[in-house]
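Asks: Chain by chain, the residues:
Protein chains: 2
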Amino acid sequence: MYLRFKLNYFCLKNFMKERIDCTWKNDMAFEADVEGFKIMMDTAHAPEGQRMGPRPKPLTLVSLAGCTGMDVISILKKMKIEPEYFNIGVEGDVTEEHPKYYQKIHVIYELRGKDVDPEKVEKAVNLSRERYCGVYALLKHGAEITYEIRILE
Amino acid sequence: MYLRFKLNYFCLKNFMKERIDCTWKNDMAFEADVEGFKIMMDTAHAPEGQRMGPRPKPLTLVSLAGCTGMDVISILKKMKIEPEYFNIGVEGDVTEEHPKYYQKIHVIYELRGKDVDPEKVEKAVNLSRERYCGVYALLKHGAEITYEIRILE
Numbered sequence: 093m094y095l096r097f098k099l100n101y102f103c104l105k106n107f108m109k110e111r112i113d114c115t116w117k118n119d120m121a122f123e124a125d126v127e128g129f130k131i132m133m134d135t136a137h138a139p140e141g142q143r144m145g146p147r148p149k150p151l152t153l154v155s156l157a158g159c160t161g162m163d164v165i166s167i168l169k170k171m172k173i174e175p176e177y178f179n180i181g182v183e184g185d186v187t188e189e190h191p192k193y194y195q196k197i198h199v200i201y202e203l204r205g206k207d208v209d210p211e212k213v214e215k216a217v218n219l220s221r222e223r224y225c226g227v228y229a230l231l232k233h234g235a236e237i238t239y240e241i242r243i244l245e
Numbered sequence: 093m094y095l096r097f098k099l100n101y102f103c104l105k106n107f108m109k110e111r112i113d114c115t116w117k118n119d120m121a122f123e124a125d126v127e128g129f130k131i132m133m134d135t136a137h138a139p140e141g142q143r144m145g146p147r148p149k150p151l152t153l154v155s156l157a158g159c160t161g162m163d164v165i166s167i168l169k170k171m172k173i174e175p176e177y178f179n180i181g182v183e184g185d186v187t188e189e190h191p192k193y194y195q196k197i198h199v200i201y202e203l204r205g206k207d208v209d210p211e212k213v214e215k216a217v218n219l220s221r222e223r224y225c226g227v228y229a230l231l232k233h234g235a236e237i238t239y240e241i242r243i244l245e
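Quick note, the sequences are listed as chains A and B, same order.
Using the working numbering, the letters of the first sequence correspond one by one to residues 93 to 245.
Using the working numbering, the letters of the second sequence correspond one by one to residues 93 to 245.
It should be emphasised that the hints constitute simulated quantities derived from the structure, not laboratory data.
There could be a bad hint or two in this list.
One copy or two, it doesn't matter: identical chains are merged, so the pair holds either way.
Using 27 Å as the maximum straight-line C-alpha spacing, the simulated DSSO-like pairs for lysine-lysine come out as follows [unchecked claim]:
#, residue 1, residue 2
1, K192, K130
2, K117, K212
3, K109, K232
4, K117, K206
5, K117, K172
6, K117, K215
7, K232, K192
8, K215, K196
9, K117, K130
10, K172, K212
11, K196, K232
12, K215, K232
13, K212, K192
14, K170, K206
15, K206, K172
16, K172, K215
17, K169, K130
18, K192, K172
Computed from a predicted model, the values in this text were never measured in an experiment.
Starting from the given sequences, assemble the full structure and let the hints guide the process.
Replies: Listed below in structure tokens is the structure:
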């Protein structure tokens with residue numbers, strides 16, 4: 093009994109539950125609700141001018157970009173670095189056969205600014221990839237994820 | 093040489109490249125561009141009333157919900173089934189330690205409608221999980237993904 097209690101406690105302590113909902117609207121259009129924020133999704137095949145939102149699959153790449161981007165900008169802030177421009181481009185190579193999934197993902201960190209030190213950016217990116225980014229930690233098991241850093245003039 | 097040509101051709105034929113961009117706006121707010129559609133993201137820690145969008149991590153769950161939802165609705169359509177209501181709820185159990193990632197994902201397919209045959213819905217869901225859903229195919233390597241089907245009255 094004591095062991096069981098301990099195990100349950102362990103299970104409860106080791107994760108936090110999150111939930112999103114996604115409701116069918118019409119044709120292939122779906123509306124997601126993420127903590128009160130609405131996101132429409134649709135197919136690329138929707139008629140011209142009637143496409144309600146992006147396709148769902150690239151949202152995996154958006155999730156990765158936002159997650160690692162927030163890590164990097166917050167680490168840079170602690171290093172007293174504030175870029176003038178920071179963009180994360182994410183490219184995914186989709187298989188042609190079903191199921192069509194991203195087998196390779198390439199993340200391009202682009203920064204510009206007078207304080208932007210390439211070595212510190214590299215350190216921030218690696219902290220995100222290796223320690224903080226939960227989306228990276230999930231996706232790396234299914235896709236090969238590479239990256240590059242571009243310091244712009 | 094011939095072999096090399098064949099191999100390159102094989103590589104080129106076996107995937108299609110997709111790209112999204114995600115640009116830092118201010119504080120922790122980022123704006124993604126997905127094929128022209130804009131999605132704002134922000135942290136949960138943004139000041140009250142100033143939160144610009146959802147957190148990035150749950151967008152992985154949105155991507156999964158939209159992808160499998162579109163599979164299921166299109167397969168049901170071929171089966172001449174049109175539900176009155178179709179919602180996909182996705183729950184993720186996030187680890188408490190860094191990197192905080194979804195170690196378990198549970199997908200709840202909820203449908204209502206007079207034509208909704210539970211066996212056909214089960215078949216459509218399994219076709220999505222096993223053959224068509226590219227997001228499922230990617231995430232299943234990093235997370236345990238379970239599902240249930242709820243036919244509502």
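Asks: Go through the numbered hints given earlier and state which of them the structure violates, listing their numbers in rising order.
Replies: When the structure is compared with the hints, none of them turns out to be violated.
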